[in-house]
Every structure is written in C-alpha cells, then in structure tokens.
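Student: Turn these sequences into a full structure, and let the hints steer you where they fit.
In case you want the letters, here they are:
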Amino acid sequence: MAEKYPQLRANVIAILRSIAPEVEADELRDDRPLRQQVDLDSMDWLNFLIGISEQLKVSIPEADYGRLVTLGNLLDYLRAKLG
Amino acid sequence: MRISYREAMRQALHEALANDPRVFLMGEDVGRYGGTYAVSKGFYDEFGPERIRDTPLSELGFVGAGIGAALGGMRPIVEVMTVNFSLLALDQIVNSAALLRHMSGGQVSVPLVIRMATGAGRQLAAQHSHSLENWYAHIPGIRVLAPATIADARGMLGPALADPDPVVIFEHAQLYNMEDDLRDEPNEDWACDIEHAAIRRPGSQLSLITYGGSLPKALDAAAELARDGIDVEVVDLRVLRPLDTATIAESVSRTHRAVIVDEGWRSGSLAAEVMARIVERCFYDLDAPPLRVCSEEVPIPYAKHMEDAALPQAAKIVAAVREVLNV
Amino acid sequence: MFDFTLPSLGADMDEGKLIEWKVKTGDAVSKGQVVAIVDTSKAAVDVEIWQDGVVHELLIAPGEQIPVGTVMATLLEPGEEAPPKGAARAAKQAIARTPSVPGAAVAEGARLRISPAARKRAEALGVDVARLEGTGPGGAVTLADIEAAAQPGAPTPTEATPAAHPAADRNAEMRRAIAAAMSRSKREIPHYYLSETIPMARAQKWLAQINEGRPITERLLMAVVQLKAVAAALAQFPDMNGFFRDGRFEPVQAAHIGVAISLRQGGLIAPALHDVGSKPLDQLMRELADLVKRTRAGSLRSSEMSDPTITVTNLGEQGVEAVMGVIYPPQVALVGFGRIAARPWVEVGAVVAMPTVVASLAADHRVSDGHRGALFLAELRERLQRPEEL
Numbered sequence: 001m002a003e004k005y006p007q008l009r010a011n012v013i014a015i016l017r018s019i020a021p022e023v024e025a026d027e028l029r030d031d032r033p034l035r036q037q038v039d040l041d042s043m044d045w046l047n048f049l050i051g052i053s054e055q056l057k058v059s060i061p062e063a064d065y066g067r068l069v070t071l072g073n074l075l076d077y078l079r080a081k082l083g
Numbered sequence: 001m002r003i004s005y006r007e008a009m010r011q012a013l014h015e016a017l018a019n020d021p022r023v024f025l026m027g028e029d030v031g032r033y034g035g036t037y038a039v040s041k042g043f044y045d046e047f048g049p050e051r052i053r054d055t056p057l058s059e060l061g062f063v064g065a066g067i068g069a070a071l072g073g074m075r076p077i078v079e080v081m082t083v084n085f086s087l088l089a090l091d092q093i094v095n096s097a098a099l100l101r102h103m104s105g106g107q108v109s110v111p112l113v114i115r116m117a118t119g120a121g122r123q124l125a126a127q128h129s130h131s132l133e134n135w136y137a138h139i140p141g142i143r144v145l146a147p148a149t150i151a152d153a154r155g156m157l158g159p160a161l162a163d164p165d166p167v168v169i170f171e172h173a174q175l176y177n178m179e180d181d182l183r184d185e186p187n188e189d190w191a192c193d194i195e196h197a198a199i200r201r202p203g204s205q206l207s208l209i210t211y212g213g214s215l216p217k218a219l220d221a222a223a224e225l226a227r228d229g230i231d232v233e234v235v236d237l238r239v240l241r242p243l244d245t246a247t248i249a250e251s252v253s254r255t256h257r258a259v260i261v262d263e264g265w266r267s268g269s270l271a272a273e274v275m276a277r278i279v280e281r282c283f284y285d286l287d288a289p290p291l292r293v294c295s296e297e298v299p300i301p302y303a304k305h306m307e308d309a310a311l312p313q314a315a316k317i318v319a320a321v322r323e324v325l326n327v
Numbered sequence: 001m002f003d004f005t006l007p008s009l010g011a012d013m014d015e016g017k018l019i020e021w022k023v024k025t026g027d028a029v030s031k032g033q034v035v036a037i038v039d040t041s042k043a044a045v046d047v048e049i050w051q052d053g054v055v056h057e058l059l060i061a062p063g064e065q066i067p068v069g070t071v072m073a074t075l076l077e078p079g080e081e082a083p084p085k086g087a088a089r090a091a092k093q094a095i096a097r098t099p100s101v102p103g104a105a106v107a108e109g110a111r112l113r114i115s116p117a118a119r120k121r122a123e124a125l126g127v128d129v130a131r132l133e134g135t136g137p138g139g140a141v142t143l144a145d146i147e148a149a150a151q152p153g154a155p156t157p158t159e160a161t162p163a164a165h166p167a168a169d170r171n172a173e174m175r176r177a178i179a180a181a182m183s184r185s186k187r188e189i190p191h192y193y194l195s196e197t198i199p200m201a202r203a204q205k206w207l208a209q210i211n212e213g214r215p216i217t218e219r220l221l222m223a224v225v226q227l228k229a230v231a232a233a234l235a236q237f238p239d240m241n242g243f244f245r246d247g248r249f250e251p252v253q254a255a256h257i258g259v260a261i262s263l264r265q266g267g268l269i270a271p272a273l274h275d276v277g278s279k280p281l282d283q284l285m286r287e288l289a290d291l292v293k294r295t296r297a298g299s300l301r302s303s304e305m306s307d308p309t310i311t312v313t314n315l316g317e318q319g320v321e322a323v324m325g326v327i328y329p330p331q332v333a334l335v336g337f338g339r340i341a342a343r344p345w346v347e348v349g350a351v352v353a354m355p356t357v358v359a360s361l362a363a364d365h366r367v368s369d370g371h372r373g374a375l376f377l378a379e380l381r382e383r384l385q386r387p388e389e390l
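If you read the sequences in order, they're chains R, F and G. Here the UniProt record's numbering is used: position 53 in the first sequence is 53, and no number is missing along the way. Here the UniProt record's numbering is used: position 131 in the second sequence is 131, and no number is missing along the way. Here the UniProt record's numbering is used: position 92 in the third sequence is 92, and no number is missing along the way.
Hints may contain errors.
Dumping the calculated DSBU-like pairs for lysine-lysine here, alpha-carbon to alpha-carbon at most 30 Å [what the hints assert, rightly or not]:
no.: 1; chain 1: R; residue 1: Lys81; chain 2: G; residue 2: Lys205
no.: 2; chain 1: G; residue 1: Lys205; chain 2: R; residue 2: Lys57
no.: 3; chain 1: G; residue 1: Lys186; chain 2: G; residue 2: Lys279
no.: 4; chain 1: R; residue 1: Lys4; chain 2: R; residue 2: Lys57
no.: 5; chain 1: G; residue 1: Lys120; chain 2: G; residue 2: Lys279
no.: 6; chain 1: G; residue 1: Lys293; chain 2: G; residue 2: Lys17
no.: 7; chain 1: G; residue 1: Lys17; chain 2: G; residue 2: Lys31
no.: 8; chain 1: G; residue 1: Lys22; chain 2: G; residue 2: Lys293
no.: 9; chain 1: R; residue 1: Lys57; chain 2: G; residue 2: Lys293
These are computed hints drawn from the structure, not numbers from a lab.
Tutor: Here's what the structure looks like:
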C-alpha cells in the first residue's frame, strides 16, 4: 500500500524504535491501531508522544490522544499540525 | 533627604537628648571638640556641660560611672572612642553591666547604651583599627548592635535606649561618610527593630552574610557578580547578640550555599559562630562547604596597600563566592 | 568487625555473580551506598549496604558465582581499629588476598564527595549517586548534578558495567527464576481472589483537567493515580502489606509497591516504588518513569529488588478485562487492574455508558480473609472516586 508522507513516517518510526527497538518499519500498517501492532504500555505511549513533541516541535494536548489510534491517524494529525 | 551616616547618628542622639531629660552623653572629646567623628558637634552649646560631658582618658572610670548613673535611674549614652580602647572597660562591661540583673536576682537593671567606633581602613594603625565586636557578642546579658545603613544609624538608638539592659552599638568608622536617602519624618525607614537580621538584597544562589563595615563591600560584590549572572543574597546581621539564627537558616536553606564576611580575625570570629549555626541548622540543605572572608591574622597594618590587603574586600568576596559555586 | 553478605534480591534468587566492586579496601561506606554490582537472573543489580563502616577486606573477586548469604566482604565499624593483618580472617578464609595497606588505601579511596543537600535530593529522587560526575568545588556532586541526572533522558552510565549474561542466557534464566517463584507461590500460598468493578469517570475527568494545562513531559498517567489509591487504601489494611516469613506475617508500615514491568525481550520484573503513600503524584510520576527506564536498562538497586511489600499489575494496558494474579512471595497480596473502558452501568435507575475498571485482589489466606479483602477493594473504589485527595 502507498505510504503516507515518507519522511514524516520515517521520523516517527525512528522515535518509536527508540522506545520499542523490535519494530520493523515495513511491517507496520498505517491503518491498524498502533498499540495493537506494537506492545506499548501507557508509559511507553507517553514517552513516544514526548519524543514526537520534542523532536518535531509540536504540542499534543492530552485531549487529542483519542484521535491518535492508527499510525495513519497520527501522521495525518502531525501533518496538519506541522502545516 | 540625602544624609550621611554621621548625620543620621547625630539626629538620633539629638532626638534622644531633646526628648528625655534622663539621657546624657559622656565620653572622650564628645563636648567641646564635638566628638572624634563629629557626631556630637554643637551639642555642648545646645545641651550644656551637664548633659554633654567630656571625660578624662579613663575608659574604666567613665564606663563605670555610666553604669552607676544607669543604676541611679538615668539613661546614659557612653561613647568609647574605639573598640580598641574599650578593652580597658571590659571589666565594667562584662563583670558589672552584663551581670547585675542576674546577680541581683532581677532587682536592678542597667539601661546603659555604649557606642563605639570599630574597624579599619583609615590608616590609623593597629591600636585603632581592630574589629572586636565578637568579644562583646560572646557575653550574655548585653545586646550588641551593628548599624550598617543610614536607616539603622538613625533608628537603632531609640530602641537601644528603651532596652532595660545594656546595649553596645558598633559604628564602623568607614561608614560615617556614607550617604543615603532618609525621609526626615519618623517612618518605617528607620523605626527599626533591634531583634532581626535583614535581607539587603534578595538572591537565589548563595547567601552572603555580613554586618557593619563589610555590608557595602558585600553589596558591591553582589552587584559585580550579578553582572556575570550570579544571583547572590546579602544578609545583614544587624544584631550581633542575640544572633537571628532563624533568618540566617531560612536564607541558607533556600540558597544552599553561604559565604560569611567578617572584618574580625578568622580564628574564633563571629563568622565562625555564624558558620557553626549554619552547619547545625542547615546541614542537609548545604550544597557546598560554607566559606569565610575575614581579616588576615595580623595586626592591621598602617601602610595603605598593606591595610587594604589585610581586610575583606569586594574582590575577595567575589572570589570566595566563585569558589563555593565553582564558577 | 561485621560481614557483608550477598543479600537475596527476591524470592527467586538463590545465587548471584559478582560483576564489580564499587568500593575497595579502606573505603568508608555509608548506609544505603552501592558497594557492588551483582548479576542475578533478572538484572545487574546495584547492591547497597545497610550499615556504616570501613571496608576491611574484599573476599570475593569479580566473576565469582556465589550463593545467597555468602560473606562477600568484612568491614570495620566506624572508629574500630583494624585487627593485626590476617589474624581475624586466617581461620575463616584460607584464600590468598591482596594484602591490605589501610593507610594508603584510605588516602586513595576517599569517600564520595557529595553535598549533604545533593545526597538528600538524590534519595528523594532515587538517583544513584555513586556514578555521577560532580561539578561542585573539588569535583563534589551538587544539587544541580542530581537534578540533571534525574531528568528524563539523562544518560544512565550503565555502559561501564561489564555485562555478565548474554541476552539469551538472561532470558532463559529469568524464565527459570519466575518459574521457581511462581511455583513456590502456588505451592505455599493459599490464594483467594476477589474483584470489583470501579467507575472511573471521576478519576478520568479529574486527570484530564490536571493534564490539560501541562506540557506533555509533566502529565500524569492513570497508572500513577491507581498506585497512589492502592497505597492510600493499604494504610487502613496493613494485613495486605508486608511479608510472610518463617511462619508468621510481618506487616510493613510504608507501602513499597512492586510495579510489574514487562520487559521487551520477555519476562517481568516488579521493582519497588518506595513509600508510595507519602509522595505526591508528580513525584510518583517522575519516580515511576525513572523506575521503568532503569528496569528496562537493567540498572536497579538492591533495595528496589528486595523491598516490595505488595505488587500491583496493570494488565489492562494489554487490553484484558481483569487480572487474577499470583502473589510474589514473601508478599501477601497482589492488586490487578484491567482495561479502563466504557461499559454499561446503572446509575440512578438508568443504564449509562460509564468508564470502568475491574480491580482485583489476590491475597494470602494465611494472613487475611475474604471479608477483609472485600473491605480493602471497597476502600480502593472509594479512593478512586476522590482522586483530588490522592
């Protein structure tokens, strides 16, 4: 399937791999819930979002967490935020 | 109104003499000469020889006479030319003035104020230049004050006279010409207490604790450090006995570091006492060993460059602060 | 003179392998100081000493595998004179050692330079001071160094530690260790199990409000709220918090909660979050983040391994409805949380969608009864309805 925003996706997956080193980029599907594909507990998830907000310089209010279910959701959300 | 420390002291004395007929001033050269530091200039003509009394050169005698007058219901202010000469009167101050309330079972008190100049920096050589405040701060039964600002020079004498027990006031000789603004009406600038230390400059990284003639040097050092982004708090002890441990501990607990500046000699100095209390009260809040900046352990020299080298100076204070902060 | 022995760092530990001494002969050590790194089946653990003293002789060399209880070193009491060389040890140990030269060693092995304030702060933040580089006068460790080390993302200088076990070995050993501990638990501990569905709307709303104004690095997780609620409830149920040893229960006042942390390569460690009841949520959040990070980096302290007085496991993270846990001996209880999700709930006679969580208790019937356990879960439920008091 066509991957969205390759550069942004690569950046996000690099951050994800710093938390879950076993992740393989091409095994991740953009359209399935991320936390079903990668074993992330709430502390991992928080650290993942901290990594994104620090490295990509976006602020992610907690109220938005609910929209960030799949990798695709997350990439769309970041794309919109980054403008 | 901008006035000098000398003028502030003169106003305080004038007010006391004018307001209370029991008050009189006694000491060497306080009358016809107008005072060694010109603090009582003009008083002799205004209040007369009964109340502005020139004394013989006998500290033992005239301090003792002051104690007797205080016991007799007067409110004497005895001026001793410098703390160096007050050693002749130690017996009167330590064995009589400080003890009589205790030894009479509270039947008598000695409402005496003793003023003396202290400190070096004017090329008066060793016998006129030492800082022995700590000798008096050691003695229970007396209160020891060190006004270091115009407001304290103006404000401390009133409450000192109101104290039923002996009070010793140390006026650092280098402060007399210092000038600052003082509003001329009685107001909070100088209606001061004689219980507490004061924070003269708030800061966050280190507590610079000092008193008397070293206060302006500490403030200069703090200003210089501030230009390099180092934020230092300056605490003026004001009252050398009883020490306001609470203010010291509060400050050091907040800043976690301390440098104590004291013109006395380091060994057995007031700075040593302050440091001991810091360690007793703030040990677990300290982030570096406290340091002291004191006079070199020599008789204060006469030669200007050597005198300067022997005394605490702003540059030495800056160096000590940098050492504690390791910056 | 007293002995320093290899402590048991958990019910599943029978032996350990010394990786490195952090002290040498003549060093003064203080209570709580890390003196050695010992490899257990689970992790390389910083082993602390619990008595002040001066190292007299190190008896075990790095690389040696030794059973729990082995004397690893002898120490002198503070102020105690060193006995004539060899006299005391000759009978006990026939192994040749480097002769100790107390004077020289003391001069070279000075006590760690750390300011009293920094030491206090390090304790509060759980920072291991032994490996920090000081920036204070004379290289002393200062408050600022501690604060920097406690920041998330601070480098943990674990690379210097010689790794003892290849990952595969470690996994196999950890599996064996968990097997031993859990078998013992099921063999010895008569478990009873209770569960209770707890409405979480208030706690979620409260947490959302707290987190709303905060930068992401300061936000709290519900897991921390749940841990604090467990500690608060434990204060009233001391019979859930402590150890069952030698045929009797020893209650512990402080709630040192063992937090079950799964490892990416498989396996599980439940190190202690110390004294949860007395710490504010923000501090607990920082400490939990640090604990998770160090657990996964394999850098735990012996007190964290041996101290837990109860375990809390949060398998809801993986999506399960409820957990019926196995108690980690010698503890006497385990609290589990399932997934928080909206479920049908009856409120004032009407069915509403309510976020709920199933909290469960596995407890030791030798120490408490189901009635007490039920009261404990009820108390936990009530605590979670008043999150602002946590």
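Student: Against this structure, judge whether each hint is valid.
Tutor: Verification of the hints:
no.: 1; hint: Lys81(R) to Lys205(G); in the structure: 26 Å, holds
no.: 2; hint: Lys205(G) to Lys57(R); in the structure: 27 Å, holds
no.: 3; hint: Lys186(G) to Lys279(G); in the structure: 33 Å, violated
no.: 4; hint: Lys4(R) to Lys57(R); in the structure: 20 Å, holds
no.: 5; hint: Lys120(G) to Lys279(G); in the structure: 15 Å, holds
no.: 6; hint: Lys293(G) to Lys17(G); in the structure: 23 Å, holds
no.: 7; hint: Lys17(G) to Lys31(G); in the structure: 22 Å, holds
no.: 8; hint: Lys22(G) to Lys293(G); in the structure: 22 Å, holds
no.: 9; hint: Lys57(R) to Lys293(G); in the structure: 23 Å, holds
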